[in-house]
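Peer 1: Heads up: the protein sequence lines correspond to chains G and Y, in order. Here my numbering = 1-based position in the first sequence + 25. Here my numbering = 1-based position in the second sequence + 586.
Rather than coming from a laboratory, the hints here were simulated on the basis of the structure. Treat each hint with caution, since some may be false.
Listed below are the simulated DSSO-like cross-link pairs for lysine-lysine, each with C-alpha atoms no more than 27 Å apart in a straight line [what the hints assert, rightly or not]: (1) G:K112 / G:K176; (2) G:K176 / G:K119; (3) G:K34 / G:K62; (4) G:K169 / Y:K671; (5) Y:K671 / G:K176; (6) G:K187 / Y:K671; (7) G:K47 / G:K71; (8) G:K203 / G:K176; (9) G:K72 / G:K47.
Beyond 12 Å from chain Y on every Cβ pair, some chain G residues (computed) [stated by the list, open to error]: (10) A37; (11) E52; (12) K71; (13) G75; (14) R110; (15) K119; (16) H150.
Just so you know, even glycine gets a beta-carbon here, dropped at the ideal spot from N, CA and C.
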Amino acid sequence: MTALELAQKLQAQFGELVSAPKEFRGEISVQISDAEKITAVCAFAKKELGFDYLVDVSSVDNYGDDPRWTLVYELYGMAHRCHLRLKTDVSEEKSELPTISQVWRTADWHEREIYDMMGIRFRGHPDLRRILMWEGYPYFPLRKDFPLAGKPSEMPDVAFSKPAPLEGGPFVTVAGGKDSMAREPRVQNPES
Amino acid sequence: MQTSTEVGYNSKIEGEVIVTRVDAALNWARKNSIWPMPMGLACCAIELMAAGASRFDISRFGSEVMRFSPRQSDVMIVAGTVTYKMALAVRRIYDQMPEPKWVIAMGACASTGGMYRSYAVLQGVDNIIPVDVYVAGCPPRPEALLDALIKLQNKIAKEPVLNVPQQAA
Numbered sequence: 026m027t028a029l030e031l032a033q034k035l036q037a038q039f040g041e042l043v044s045a046p047k048e049f050r051g052e053i054s055v056q057i058s059d060a061e062k063i064t065a066v067c068a069f070a071k072k073e074l075g076f077d078y079l080v081d082v083s084s085v086d087n088y089g090d091d092p093r094w095t096l097v098y099e100l101y102g103m104a105h106r107c108h109l110r111l112k113t114d115v116s117e118e119k120s121e122l123p124t125i126s127q128v129w130r131t132a133d134w135h136e137r138e139i140y141d142m143m144g145i146r147f148r149g150h151p152d153l154r155r156i157l158m159w160e161g162y163p164y165f166p167l168r169k170d171f172p173l174a175g176k177p178s179e180m181p182d183v184a185f186s187k188p189a190p191l192e193g194g195p196f197v198t199v200a201g202g203k204d205s206m207a208r209e210p211r212v213q214n215p216e217s
Numbered sequence: 587m588q589t590s591t592e593v594g595y596n597s598k599i600e601g602e603v604i605v606t607r608v609d610a611a612l613n614w615a616r617k618n619s620i621w622p623m624p625m626g627l628a629c630c631a632i633e634l635m636a637a638g639a640s641r642f643d644i645s646r647f648g649s650e651v652m653r654f655s656p657r658q659s660d661v662m663i664v665a666g667t668v669t670y671k672m673a674l675a676v677r678r679i680y681d682q683m684p685e686p687k688w689v690i691a692m693g694a695c696a697s698t699g700g701m702y703r704s705y706a707v708l709q710g711v712d713n714i715i716p717v718d719v720y721v722a723g724c725p726p727r728p729e730a731l732l733d734a735l736i737k738l739q740n741k742i743a744k745e746p747v748l749n750v751p752q753q754a755a
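Using the sequences and the hints, build the whole thing.
Peer 2: What follows is the structure, given as structure tokens:
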């Protein structure tokens with residue numbers, strides 16, 4: 026049983042909801058067209074297809090595009106040793122989708138991290154609190170429109186934050202700006 | 587009748603007496619027994635542990651008693667990256683330490699934020715607590731920490747103990 030066959034089984038079960046498997050460098054990805062159905066797809070992948078290990082859940086900020094968010098689920102099966110990647114889009118206005126922490130319990134902390142860093146909420150999550158930043162921090166720092174230096178915030182007796190002095194350093198990223206090769210003079214070839 | 591007072595060197599007395607100032611005596615006692623509060627926050631703490639272990643042996647300088655209670659410690663060694671989330675805990679532990687107290691900022695992160703020019707990291711622990719000695723390095727060698735400790739001892743030796751100017755409340 027290969028990852029491609031497993032992805033085709035998933036597609037056969039859900040039809041229109043699941044896109045045809047896309048292969049890139051030996052990795053199989055499928056797109057889930059409706060994020061609201063993600064729990065059912067994941068439950069089927071775990072119970073029927075043997076994907077018993079959720080490696081990671083991550084989120085992508087497609088800043089400037091619509092829908093803005095892409096959720097990425099990395100699945101693995103200990104028995105058949107196949108990887109599968111599920112992707113689903115969520116719009117910025119909604120910024121919410123169902124939790125999958127009832128399917129894999131490890132999704133609990135992954136989803137808390139996404140909520141903390143991107144501000145995407147997971148409906149039905151048992152304990153949707155920030156996990157890295159402190160409770161009450163007003164921003165979502167992994168969004169593309171959040172400056173790397175940070176923004177000032179103040180919570181008396183809990184935490185405060187101030188923008189870090191970057192002074193045009195090589196780590197400054199601006200949405201839509203130059204990429205790191207162009208920004209960082211040390212990586213450039215002196216002849217070019 | 588004996589009337590003359592004995593003047594001059596008396597080996598019987600002075601052989602067992604050291605003349606000094608109270609300041610110097612108290613500072614001598616203080617500086618050779620600085621118990622650290624190990625504020626190990628990142629990889630610098632590994633070097634701090636190495637400094638405490640047999641090869642580098644911080645006990646040669648009287649600082650081997652790592653106290654995990656702030657109420658029993660004299661110097662806070664801030665070893666590692668101070669995030670904003672940790673910053674107020676560091677401040678609180680510092681506040682719980684009894685006077686006199688000192689702070690060593692160990693490594694680039696504790697001194698300035700280091701390479702973490704980021705929304706999550708306090709840009710130098712001196713933003714929240716007064717630092718006596720900064721140690722460069724990422725992480726510093728244990729020798730560098732021992733050097734900082736000796737520098738701190740020299741600083742303590744010069745501090746006034748009596749007639750301390752009253753701090754404004």
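Peer 1: Each hint should be assessed against the structure and marked as holding or not.
Peer 2: Hints versus structure:
| no. | hint | in the structure |
| --- | --- | --- |
| 1 | G:K112 / G:K176 | violated (31 Å) |
| 2 | G:K176 / G:K119 | holds (25 Å) |
| 3 | G:K34 / G:K62 | holds (17 Å) |
| 4 | G:K169 / Y:K671 | holds (22 Å) |
| 5 | Y:K671 / G:K176 | holds (15 Å) |
| 6 | G:K187 / Y:K671 | holds (12 Å) |
| 7 | G:K47 / G:K71 | holds (20 Å) |
| 8 | G:K203 / G:K176 | holds (22 Å) |
| 9 | G:K72 / G:K47 | holds (23 Å) |
| 10 | A37 | holds (45 Å) |
| 11 | E52 | holds (31 Å) |
| 12 | K71 | holds (34 Å) |
| 13 | G75 | holds (38 Å) |
| 14 | R110 | holds (28 Å) |
| 15 | K119 | holds (26 Å) |
| 16 | H150 | holds (21 Å) |
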